[in-house]
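My request is simple: use the sequences and hints to build the entire structure.
Below, each chain spelled out in residue letters.
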Amino acid sequence: MSSAAHRSGPTIWVRRNLFRSPVDGALTIVFGAISLWLIYKTISFVFVTGRWDIIRVNLRLMMLGRFPDAHVLRLAVTVVGLAAWGGFLAGFIHARQVRSGRVSEDGQTTIGRVGGLVARLWLPALVVLLLLVLSSTPGPWITVAIATVAALIGRAIGPFAGRPKLGPVGSGLVFVGIGAVPVGLYFYVVTAVGFDDWGGFLLNLFLAVCAIVLCFPLGVLLALGRRSTLPLVRVVSTTYIELVRGAPLFVLLLLANSALGFFVPNSLAPSTSTRAIIVFTLFTAAYMAEIIRGGLQSVPRGQIEAAKAVGLSPARQMGYIVLPQALRNVIPAQIGQLISLFKDTTLAGIAMGLFELLQVTTAVPAQEAFRGQGLIGETIAFAALMFWTVSYTMSRESQRLEKRLGVGVR
Amino acid sequence: MDRRRPALLAAVPLTATLSTRTPLWRDVRVLKWVVQLVVVGLVVALIIWLYGNYVDNTAEQNIPTDFGFLDNPANFQITGNELSANAAVRQALYQGVLNTLRISVAGIVAATLLGTLVGIARLSSNWIVSKLATVYVEAVRNVPLALFVLAGLLVVVLGVFPTIQEAWELGGLAIISNRGVAVPWFLGAGFGLLAIGAVGVVAAWLVARWRSSVSDRTGALPRSGLWAGGAFLVVFVVGWVAFGYEWTLPRLDGRRTAGGIRIDPSFFALFFALVIYTASHIAEIVRGSIQAVDRGQGEAADAVALSGFQRMWYVILPQAFRIAIPPVGNQYLNLIKNSSLGAAIGYYDITLVAQTTVGNGSPAVPVFALTMVLYICISLVTSVIVNIANRRMALVER
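Chain order of the listed sequences is P and X.
For the first sequence, the residue numbers in my numbering are 1 to 410.
For the second sequence, the residue numbers in my numbering are 1 to 398.
Note that these hints are calculated values from the structure, not bench results.
Since the structure is predicted, the reported quantities are computational estimates derived from the model, not experimental observations.
It is possible that some hints are incorrect.
[What the hints assert, rightly or not] Quick partial rundown of chain P residues pointing at chain X, CB under 8 Å, derived from the structure: (1) L232; (2) A247; (3) F262.
Heads up, the beta-carbon is just placed ideally off N, CA and C, and yes, glycines get one too.
See the structure below:
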């Protein structure tokens, strides 16, 4: 589409890209008209005809569900903690990459770096700003402000934590700390509240994150099992993967909702949210296994032979040589699967009655204040914006990561 | 060296060579079996534990574990299907399977067409067309399907479509209202019509083969697509007239529509959502496949002065489809499984029939186990078809 022409200018651009031939011109006029109509409709819906009061009033319900008031502070602390942790990790990793020579630091001014960050994150930032504007209390504003500061501080401290000066004990402590923070925050929130009362978008995010973390090791094990030279292990893994992949997630959720209780002793019967997490984990693990298997197949034989030649044990061949390359090669597919898992968390609402965002979205227009006004369009548009922002940001970041890791580039 | 060997052998006692055999716990062959037995043992133990709990719990609550419920009366109606109120669960499930197949076939055909068009449009040299296609793909792919399904029913059908009194009549061919969409249909449609269609397909296939053999001999343009389509049409029309079938147009009859066939709101909404959503995924696959076709192919087409359409139709697309078949087949499987979301808006596919019959007191575990088996069977048949297509289209190398 890029033209290597000598002349340029608006007229030539228009002729080349819009009116190349009579057919092309006709297409331009028809689809131009459709685009203009769509843009007009969207703008008039957002700014004129849409009645967004319903979102403003129910914002808390849509984002947090019936999360108990008394413990909202814990959520705020968690957000701040995660922001600081994320900033710290970014600084830490960046410093390590610079030291190992994988990323060059020259030519990166502060302004350039901030510009890059804005180019990457303007979309979620804009949506967060929209949510803040819609919120009627100062709490979210304060939380986001402190979280931003915390992230910046973490980013500033991060590079120092990776210095070789710290010695083995020091850097070991750093790694333990990096692992412990999210776990600590998880227990900080969950022990006080439990996650059965969670709802809204928070529940969608929570279900997705839990299932992502849990499905990963299982997926790796299943992939290794399917590629194993041991026939019985292979049969077990293959059967599991194919059975799960053949059945719709929706039916699995229905089954778990009405029948999981039969398969465990009554004392162990899990709550609905736990059931959802179990199903999402078991389901995604099967798909993850297939993706990782593809990655394992993409590692050249020479790598394993080289690992054998230097005398690594089978476990070390796998852990140090094969798996890192295999996982790196399929990062885009893995993130694609995680995006689809995140979108699928809406099914937990339909199949199990969990009060996640989509359920709130369809329930809210039936409230007494809004009944019979046909406001479902507004609430669904809002929910779509939420899901779209998170998924789109994730897929863009995955493309960026893919480029940085140089997948497919030698 | 050779001279010393006998002496060396003599120096090493025979018993020593025997005793250096690998011990059992380091023998790879033994270890392999131990690992396998441990894994299988754990799996079997898990299954036995789950099954034992299941037997205990069902016995405690007096819930049957067999498939006897299939003969119980279903006790519910399925809109759009002739199912008497005292029909057995078995028959309701059969209708559910038919409904799943209906939405799947319709959805696959429509999503393939739309997806291919959008995929080509994304690579168009026309700026507006390619941008519009990009916006469509990026907007739809990142939103949950469930949201489209609910929006299809609650926003499009119940919100945008008019009431039956003010229904949109599109030239007498379709009547659109919030009670559903009515379109023309064949009168007495059934297996007779299906048989004529099958004969038409065979005729089209034969004609296409004949045309390509003519083309091989004489070098004339094959135009096998046009010829095959024509043959199908001729056979279909002739058969239709010969057997005396007719069609009916939909018309408004007070507060309902008569004639034609009425597409249920739930079917329409599910169809709308599945097609919009799956087409965006297929479009990405088609785009990637077109880009994966060797650049030289397009340049060669330009060099022999093919038009833009000919270049696409005769040179690029046949090769792109070859690449696209396996991933598109995966999308078909996804569409079939995703059609279970129809249960959320009251479309009686396998899932909703299963859910309803569980609600009416059938045992949950056998019902859902049966449901999963049905889906797995449909998926298997589909993937076999896709694999056959793939094998026929695949490049035969050496």
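Inset, instruction - Could you tell me which of the numbered hints above are not met by this structure, giving the numbers in increasing order? - result: Structure breaks no hint.
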